[in-house]
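Undergrad: The lines below spell out each chain.
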Amino acid sequence: MIMDTQQALFQYCLRLGDTNLILGHRLSEMCSRGPMLEEDIALTNLALDHIGQAEVLLQYAGEVEGKGRSEDDLSYLRPVDEFRNWRLVEQPNTDFAYVIARQFMVDVYHCLLYQKLQKSNNEILAGMAGRFLKESIYHQRHSSAWVQRLGLGTAESHRRIQQAFNDLWKHTPEMLAAKPYEKKLIDYGIVPDPEELALDWTVQVIRVITQSGLRRPADSFVETYTAHTEHLGHLLAEMQYLQRSYPGAKW
Amino acid sequence: MQPDFIGIEELVWERLSLIPDPEVPVISILDLGVVRNVRYDGNNLEIVITPTYTGCPAMSLFVAEIRAAMHDQGFDQVEIKIVYSPAWTTDWLSSVAKEKLRQYGIAPPVKDVDPENPFAPPPVIPCPRCNSEDTTLVSQFGATACKSLYKCNTCKEPFEYFKHF
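These protein sequence lines map, in sequence, to chains S and Y.
The opening residue of the first sequence carries number 889 in this note's numbering; numbering runs sequentially from there.
The opening residue of the second sequence carries number 6 in this note's numbering; numbering runs sequentially from there.
Extracted from the complex, chain S is given alone in its bound form (with noise of 0.2 angstroms):
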């Protein structure tokens, strides 16, 4: 099947969407249980963000499909093999540093992919990039302090932070990996290309792993399927529960 430029487009913004929602409830679920009380607000502050990019991604992928799905249906009225979030996101929080090393790697993604993003074609994803990127290089500025301090810590802070860093490697291949759907996108100047971004995100991630005393990660089996982790379901169980419960429940 060829799919055409709007499906496309559907298909980019629910990626870039989905992966903001899943993480910015991930960070939520560190609300009250933070290192300490500033890590705690920072935590929370970064959820905000997330989500808030979330949004508007998630409505403008819903006036691209056009079929009227709002940010709200697409977020709490899709089954999880519907989503389209990076895997990496969904991933439990299981210590702070797994927090960190996480949104360390999302971070640099992030900021690599709204600075090229920004001069796209498209006015609407152009403008959106623009304001997530100021957020995004604030993120980062926080997160890779982290890595720092942490690889750099004590010795039980290096263990855990390497220990992240070896657990979730496995789920970059997944991350990096171009979409079919992209190559029209960046034939027509809307999106940049993913290989590009792939290869700046690999030396900029391991150049802040080397100088926070840390190794690389060894590069595991390469992972090409799509489904999700079991983690996803769990996740979207405790989301969704209100308006699967409640349809079309308001405040």
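Keep in mind the hints are simulated off the structure, nothing from the lab.
Please note: incorrect hints may appear among the correct ones.
Derived Cβ-Cβ restraints for the label pairs, each shown as a range [stated by the list, open to error]:
no., chain 1, residue 1, chain 2, residue 2, range
1, Y, Val101, S, Pro1061, 49 to 55 angstroms
2, Y, Ile87, S, Gly956, 18 to 24 angstroms
3, Y, Lys161, S, Gly956, 55 to 61 angstroms
4, S, Leu1064, Y, Leu66, 38 to 44 angstroms
5, Y, Pro163, S, Asp892, 51 to 57 angstroms
6, S, Thr1042, Y, Thr141, 21 to 27 angstroms
Here the structure is a predicted model, which means the values were calculated and not measured.
Backbone N, C-alpha and C fix where the C-beta goes; we use that ideal spot for every residue, glycine too.
Following the hints, complete the assembly by docking chain Y onto the known chain S.
TA: Positioned in the frame of chain S, the structure of chain Y alone reads:
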């Protein structure tokens, strides 16, 4: 454009300048720079606003307060349009607004040395109370999305900093 419509638009701007920012009430939403345009065609009133932060919870409050204020002025057909491009920046804060922030105890935004580089060192933030440049970042995130927390090493007072964006 008919001249009396321009007069009406001016009235709208004036009324908007009286709506305080819900989080930082010393400045108005006009001082903040979120209102980008006002258009009146004799029938419909259109107000264009740009959100400060994508997830800013105050945004829906802005919309509600603008709507209420315009309703009080007798405008029934008010369309509030939210645009994302160009992205809101703290450069749109007026110099009057920055001074008001400082007097309120919030350090106004200071330009980043290298805004596109996430690894660049942060700029020096002078204390809004004693102007000392010997200040320390306590927390990058604060009570609202637009502020971070600092303390002054000279007068020992903690203070909030309105992030540069």
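Undergrad: Indicate, hint by hint, whether the structure satisfies it.
TA: Comparing the hints with the structure gives:
| no. | hint | verdict |
| --- | --- | --- |
| 1 | Val101/Y x Pro1061/S: 49 to 55 angstroms | holds (53 angstroms) |
| 2 | Ile87/Y x Gly956/S: 18 to 24 angstroms | holds (19 angstroms) |
| 3 | Lys161/Y x Gly956/S: 55 to 61 angstroms | holds (57 angstroms) |
| 4 | Leu1064/S x Leu66/Y: 38 to 44 angstroms | holds (39 angstroms) |
| 5 | Pro163/Y x Asp892/S: 51 to 57 angstroms | holds (56 angstroms) |
| 6 | Thr1042/S x Thr141/Y: 21 to 27 angstroms | holds (23 angstroms) |
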